[in-house]
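Chains A and B supply the protein sequences, listed in that same order.
Residues in the first sequence are numbered from 1 upward in steps of one, following the working numbering.
Residues in the second sequence are numbered from 1 upward in steps of one, following the working numbering.
Since the hints were made in silico from the structure, they are not lab data.
The structure presented is a predicted model; accordingly, all values stated were derived computationally and were not measured.
Backbone N, C-alpha and C fix where the C-beta goes; we use that ideal spot for every residue, glycine too.
Check each hint, because a few of them may be wrong.
One side only, chain B facing chain A, incomplete, derived with CB under 8 angstroms [to be verified]:
1. K31
2. P433
3. I643
4. Q647
5. T648
6. I650
7. V651
8. T659
9. G661
Over 12 angstroms on every C-beta distance to chain B, these chain A residues come out as not near it, computed from the model [to be verified]:
10. L10
11. A28
12. S34
13. L63
14. E72
15. V75
16. G88
17. V92
18. M98
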Amino acid sequence: MVPVEYYLLLSSAVFCIGLYGVLTRRNALYFLMSVELMLNAANINLIAFSLMWGNLTGQTFALFTIALAAAEVAVGIGIILVLYRNFGDIDVMDAATMRW
Amino acid sequence: MVSVSAYAQAIVLLPFVSFVVALFARDNLPKGGAYSGIAATAGSLLLSLATLAAVYGGRTVNETFYTWAVGTGAQDWTLSFGALIDPLSALMLVIVSLIALLVHVFSLGYMNDEGEEDLPRYYAGLGLFTASMLGFVIADNLLMAFMFFELVGLCSYLLIGFHFREPGPPSAAKKAFLVTRFGDYFFLIGVVAVFTTFGTAAFAGAESFPHLAEAALGGDATVWTPGNMAESTWFTIVGLLVLGGVIGKSAQFPLHTWLPDAMEGPTPVSALIHAATMVAAGVYLVARMYGFYVLSPTAMGIIALVGGFTALFAATMGVVKQELKQVLAYSTISQYGYMMLALGSGGYVAAVFHLTTHAFFKALLFLGAGSVIIAMHHVEDMWEMGGLKNKLPVTYWTFLAGSLALAGIFPFAGFWSKDEILYETLIHGLNEPLLLIGYVFGLLAVPVTAFYTFRMVFLTFHGEPRSDLARDPHPVRWNVKGPLSVLGVLAVVTGGINLVPVKKVLGIKGIDVLHKWLNNDWGGIEGLSSHHYAKIGPYESGYLFGGEAATVIAGAAVSLTLALAGLALAWRLYGVADPAEHTAKLGQIRELLYNNYYQDEYQVRIADAVRDAASGADTFDQGVVDGVVNGVSSVSLLSSERIRRVQTGIVGNYALLLTLGLTTLLVVFALIGGWFQ
């Protein structure tokens with residue numbers, strides 16, 4: 001059986017890739033994909049521990065997270081559409097008017 | 001059966017409701033709020049009469065409704081609102097609500113019929129004025145009294161300055177407010193001194209400050225005094241501090257200067273101010289805490305002397321005035337001087353008696369003057385009048401009744417009350433030279449009062465008309481005649497409530513109703529009765545010609561003769577078809593009197609002298625006090641101006657900050673948790 005540390009390494013690698021994407025990408029679609037990556041990293045964690053303890057709670061939570069991610073994508077795409085309508089672009093750096 | 005204290009609350013709240021209604025319903029009210037005001041004050045009057053009947057049945061009230069602050073530690077004072085209903089306050093409630101009702105009715109004629117604008121504001125002011133005065137009357141402690149005292153001052157400011165678009169009224173209103181505030185400043189210190197000394201400001205009961213003061217002087221209790229000062233000295237000082245407010249409000253020398261200027265207000269307001277509310281408040285306050293004042297012979301002497309002096313001083317100025325309301329204004333100052341003289345010389349009942357009769361005849365005179373002013377199309381100069389007797393019969397006869405009462409002519413109300421004041425001053429003054437001086441002042445003021453009163457009557461109503469307006473005056477309606485008639489009857493008969501001289505001379509028992517009333521014969525609150533005040537008071541009585549009856553007759557004969565002499569002189573000089581301006585013959589003296597002894601000028605000079613100190617205080621206020629406040633706000637403004645730059649609006653920056661923050665937290669917790677060791 002694969003030790004749980006490997007899963008954790010994979011999960012943190014995926015998380016860091018996602019984080020890197022969030023911090024560096026300007027295109028909102030990439031941004032959204034990176035967020036998805038981070039969410040899935042969390043899912044891998046949940047599943048890994050579920051497997052390790054032989055407990056179904058982690059898998060249940062992973063299912064919840066997947067549903068949540070689906071909803072988040074729907075909202076996120078909506079935001080991107082509005083962003084495009086208002087700024088003519090989907091560069092997240094352009095939408096900087098929501099401040100003082 | 002509804003309790004008396006519920007009556008008391010309703011009496012105060014009814015005019016207040018009328019104030020709120022007039023304030024918020026404004027343009028939707030019939031007659032600009034007059035009817036709601038009349039209804040409210042009529043309700044107050046009915047409830048006041050019920051209260052009077054309840055007190056007659058022995059049901060008094062001394063209770064706290066609402067405690068709004070409780071101190072801790074050594075200052076365990078309770079600050080509260082409550083009601084004290086005893087013979088004195090019940091009587092005053094009836095007077096105030098009756099006058100307020102009549103003034104409201106009269107205002108229909110004076111304000112509504114004359115087409116004044118912005119009437120809801122006027123009736124709102126009247127309602128609040130009445131409510132504050134009624135609240136002041138029922139106050140059961142000095143702090144509550146002070147708060148309502150200030151409200152009364154505020155309302156007088158609002159009403160005197162009612163015609164704020166003209167130049168005179170706003171300035172007169174400011175003067176009234178500032179001058180009385182100057183006195184109230186001492187009153188406020190007095191309230192604090194009373195709290196610090198006694199730990200309570202209640203007027204009545206075993207834990208009240210007059211009672212504690214009495215016990216302290218008798219050695220039965222200890223109270224705090226500054227620097228172990230003798231208690232009697234300190235009580236005198238506290239009494240004089242409170243007296244500052246009284247002198248301001250009751251327009252006693254030297255703070256009387258606001259009152260003649262206050263004539264700028266509408267005439268019904270003048271009637272209310274002079275007869276029942278603002279000016280009466282000062283005298284009522286001394287009567288309310290009389291148990292405290294009688295403990296201090298010095299304070300009593302000062303009250304008597306100030307009162308007597310004011311009575312004469314103001315009367316002399318009334319002699320030369322040309323405007324109807326000005327004469328009445330000085331007569332008010334003078335009459336309140338009499339009341340103060342009575343209070344200072346131990347004539348508690350006499351003072352309350354004069355307060356009552358004066359309320360009726362002065363309200364009558366002011367409303368009568370109002371009626372004349374309506375008829376004369378708002379001309380107030382008496383030299384423009386004359387011959388109004390036949391054109392305004394109701395006004396003339398009622399005004400005459402009021403004038404006879406003011407002049408102290410037998411058997412009108414003013415005769416009985418003024419005579420009793422002079423009598424009390426005389427019998428106590430025979431052993432007390434200071435009071436004797438007050439008595440002489442008071443006696444000298446009698447012929448002067450009679451003279452200026454009848455100079456006013458003759459110039460206004462008798463002789464030939466001296467202008468076209470006087471030849472064809474504007475008629476007045478029922479809403480003017482009605483209140484005048486009620487007050488006219490009262491001015492004639494009110495003396496009947498206290499026929500002490502008759503009792504003393506003829507020996508008829510039971511006709512000195514007011515004496516018995518204030519003596520708690522029908523029930524009252526222990527320690528608030530005239531016999532209690534006489535017992536602890538500093539004065540002893542002396543009699544002339546070896547007897548009480550002889551003294552009564554001699555005193556009454558002297559004052560009546562003097563009054564008749566004044567009247568006769570006025571008749572001789574002004575009771576002719578075409579009177580001449582005799583005051584012009586007085587030359588320099590007339591100038592002095594006409595300019596009010598240059599009181600305003602010297603007060604302005606004093607005010608100018610302290611201008612530097614005032615501007616220093618202003619600099620301190622603007623620079624240091626406001627500077628601190630402004631400094632705090634500018635520091636936060638500036639720093640927030642810098643700090644808000646953190647928010648860029650760019651989502652990537654936020655994500656970066658989040659990540660960095662989380663990382664920092666992880667590192668910190670790791671270091672603390674000891675992972676790297």
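So, going through the hints one by one against the coordinates:
1. At its closest, the beta carbon of K31 of chain B sits 54 angstroms from a beta carbon of chain A; the interface hint therefore is violated under the 8 angstroms criterion.
2. Restraint check, P433 of chain B versus chain A: the minimum CB separation of about 80 angstroms is more than 8 angstroms; hint violated.
3. The beta carbon of I643 of chain B is not positioned within 8 angstroms of any beta carbon in chain A (closest approach about 10 angstroms), and the interface hint is therefore violated.
4. Using the Cβ-Cβ criterion of 8 angstroms, the hint placing Q647 of chain B at the interface with chain A is satisfied: the shortest such distance is roughly 5 angstroms.
5. A cut of 8 angstroms between beta carbons decides the hint on T648 of chain B: the least distance to chain A is about 6 angstroms, and the hint holds.
6. A hinted interface residue such as I650 of chain B counts as satisfied when its beta carbon comes closer than 8 angstroms to some beta carbon of chain A; here the least separation is about 5 angstroms, so the hint holds.
7. Among the interface hints, the one on V651 of chain B holds; its C-beta lies about 5 angstroms from the nearest C-beta in chain A, closer than the 8 angstroms criterion.
8. The closest approach between the C-beta of T659 of chain B and any C-beta of chain A is roughly 6 angstroms, which is under the 8 angstroms cut-off, so the hint is satisfied.
9. Hint status for G661 of chain B relative to chain A: violated, with the closest Cβ pair at about 13 angstroms, above 8 angstroms.
10. A cut-off of 12 angstroms between C-beta atoms confirms that L10 of chain A is not in contact with chain B; the least separation is 20 angstroms.
11. Not every Cβ of chain B is farther than 12 angstroms from the Cβ of A28 of chain A; the closest lies at roughly 9 angstroms, contradicting the non-interface assignment.
12. In this structure S34 of chain A is not separated from chain B by more than 12 angstroms, as the shortest Cβ-Cβ distance comes to only about 10 angstroms.
13. Non-interface call for L63 of chain A relative to chain B: holds, since the shortest CB-CB distance, roughly 26 angstroms, exceeds 12 angstroms.
14. At the 12 angstroms boundary, the C-beta of E72 of chain A stays outside the reach of chain B, the nearest C-beta of that chain being 15 angstroms off.
15. Every CB of chain B is more than 12 angstroms from the CB of V75 of chain A (nearest about 15 angstroms), matching its label as outside the interface.
16. A cut-off of 12 angstroms between C-beta atoms confirms that G88 of chain A is not in contact with chain B; the least separation is 18 angstroms.
17. The beta carbon of V92 of chain A sits about 5 angstroms from the closest Cβ of chain B, which is not more than 12 angstroms, so the claim that it is off the interface is violated.
18. Interface exclusion of M98 of chain A from chain B breaks down, the closest Cβ pair being 5 angstroms apart, not more than 12 angstroms.
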